[in-house]
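Trainee: Residue numbers (my numbering), protein chains in the order written: chain W, 1 to 332; chain R, 333 to 617.
Rather than coming from a laboratory, the hints here were simulated on the basis of the structure.
The structure presented is a predicted model; accordingly, all values stated were derived computationally and were not measured.
Among the clues, some could well be false.
Claimed, not checked - Derived BS3-like pairs: lysine-lysine, alpha-carbon spacing no greater than 27 angstroms straight-line:
| # | chain 1 | residue 1 | chain 2 | residue 2 |
| --- | --- | --- | --- | --- |
| 1 | W | 327 | R | 587 |
| 2 | R | 587 | W | 269 |
| 3 | W | 131 | R | 565 |
| 4 | R | 576 | W | 264 |
| 5 | R | 565 | W | 224 |
| 6 | R | 576 | W | 297 |
| 7 | W | 176 | W | 35 |
| 8 | R | 587 | W | 297 |
| 9 | R | 598 | W | 229 |
| 10 | W | 226 | R | 587 |
| 11 | W | 327 | R | 586 |
| 12 | W | 297 | R | 598 |
Given next are the chains, with one letter for each unit.
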Amino acid sequence: MSAEKLIWVWADYRNYFQSRVTLQILARASVLAEKTNAAVCAVVFGDKVEAYVKEYIAHGAQKVYVTDDPSLRTYNVASYAFLLTALVKRFAPETLLIGATRFGQEIAPRVAKQLDTGLTADCIDLDIDEKGQLVQVAPAFGGNLIAKIITPHTRPQMATIRPGTFQELPHDDEAKGEVVPVPLPDTMPSPRVRCLKSELHPARARKIETADIVITGGRGMGSKGKFRKLFDLADLLHAEVGATRPVVYADWVSSEALVGQAGKHIRPKVLFSFGVSGAIQHTAALADARFIVVVNKNPNATMMKLADVAMVADANQVCSGIIRALKQRIRD
Amino acid sequence: MLHIIVCIKQVPMVSELPWDPKTGTLKRETAQGMMDPSARRALEAALQIKAGVGRNQARITAVSMGPPMAEEILYEAKALGADQGVLLTDPCMAGADTCMTAMILGKFITDHCPDAGLILCGAMSSDSETAQVGPQLAEVLDIPAVGYARRLELVHDCVRVERHVDDFMEVMEMDLPGLVTIDHAGESDLYTPRYVPLAGVEAAFNAGDIRIMDGKALGLNKDFNALTSSPTKIIDVYSPVTRKENRVLTGAVKKMVDTLFDDYGKIISSAMGKDLKTHDHEGDV
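Isolated chain W, as found in the complex:
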């Protein structure tokens, strides 16, 4: 084959969330490709996937490898991993990037092991070092530690990428890309796992994990009745309500609302935290919150140290104060 350097992005397209992550990775791959003088490629498996191929070209793929076959209609870890491994062996890309969706995190380790190469999970950044190697930046301990990882001796360099990490490129209808059809091999692995049912069950429209504004409450709210006030505030802010473990244990709110290591991880643009002391099981799950407002009577509470704005006051009174202020300030 040619000595052309290739950065591959495995195309994960089966719902909106997954199709976006693929576009986001293509955008970052374009930056990496410029630094290493490589070509950005997408790899698509499925049935009647022409529309996706066009979409990837419009979003930065210079080359798209496509295996289009009715037998590939349903996502299948074993057969997709088999196909991807075979393609990597044939075309020898430098780098293989996969979205850290659940399916991506299932297929990527299998491909990495078949190729005996390294794999870094759930990267939140990618870069190129002075030797031209891929620097894979991945969090651990709920984001409390960050590791920089390289794959020095084996190829491809593999990483899964956390959805939402990179910004997709604008859709460019004029973009040109080469399409490389790859026929299905004559022999596929025998199906040792059979899919009996696979149905799209979109989660509720609003989810705390993806909400732009989250309000969390702790014991400092005072009582179950007063805790309800957070839901009034949430209605005004279009926010979701989360809670600490003591609040869930006290049955002020259902365990669905638990934000913490054993519960939900959140990454809002704005987090309001009311009467939360800040146990690490809780704070580990909100490391990605961008702007944090904390209200606590105790100025030394751990949560106050994480705040952009820390208010030393009774959580419940400030909650009422914000509700009043919002009613005056919201322009309809």
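With the hints as your guide, set chain R onto chain W.
Mentor: Chain R in isolation, oriented as in the chain W frame:
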């Protein structure tokens, strides 16, 4: 007789992590250990399967790779009902990445548990959070695997698995031997771990029958070194620096709330997707 292997991992107890406030880093070496919550759920699934088929129809082996102190979680596993606990420990295994960890666990299962029918892992450990060891172990053993199970059921020579991945509800049927990773807690949770009976831990400790295997016992090469054999290398670990303004407001509630909206209203309104009046004190009385 169904032989169930449960792979468990000792992780630092996050609530007990000694945190260096100056550097913002974790002092991992002095951290207390505990059984990884997701591995604990895998063990719970194994115990329920065993209870379902009958005590004499299934056997559970709990295996862990880790430092000598990881023996603790194997005692715990035995106290919970595992029939056998095995610790794979050797300085040469330190620094293994997921690929090497899967290789070592795979070697143990291939050579010492040839009758393994079902292998269970937690979907993702609470410390490194990769979700990679389960799928890679299946690859090493050349057996099928299904990740993120919420419910398992034995059906003849197969296992039926329900799972929820990326907004898809799926039901899969997998031939045995096979590997399943157990998801985190979700709605209608089946595998909430049971409490460890204290007397059971004591009895397990007294019996002292955790099998310890080093690299030699496992048949690893004499000069095997997991750190240098791992295809990935960690070149740096650090705490994310959070450059927060950390502005502290005190005083009257009304004044604090006004300051919040006057100075940061734009941030809040853009997250809401609605316009907010930022400098509006007409309501002041």
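Trainee: Now, for every hint given, state plainly whether the structure supports it.
Mentor: A quick look at each hint next to the structure:
no.	hint	in the structure
1	W/327 / R/587	holds (16 angstroms)
2	R/587 / W/269	holds (24 angstroms)
3	W/131 / R/565	holds (15 angstroms)
4	R/576 / W/264	holds (23 angstroms)
5	R/565 / W/224	violated (49 angstroms)
6	R/576 / W/297	holds (20 angstroms)
7	W/176 / W/35	holds (21 angstroms)
8	R/587 / W/297	holds (16 angstroms)
9	R/598 / W/229	holds (24 angstroms)
10	W/226 / R/587	holds (22 angstroms)
11	W/327 / R/586	holds (14 angstroms)
12	W/297 / R/598	holds (26 angstroms)
Consistency note: the structure conflicts with earlier hint 5 alone.
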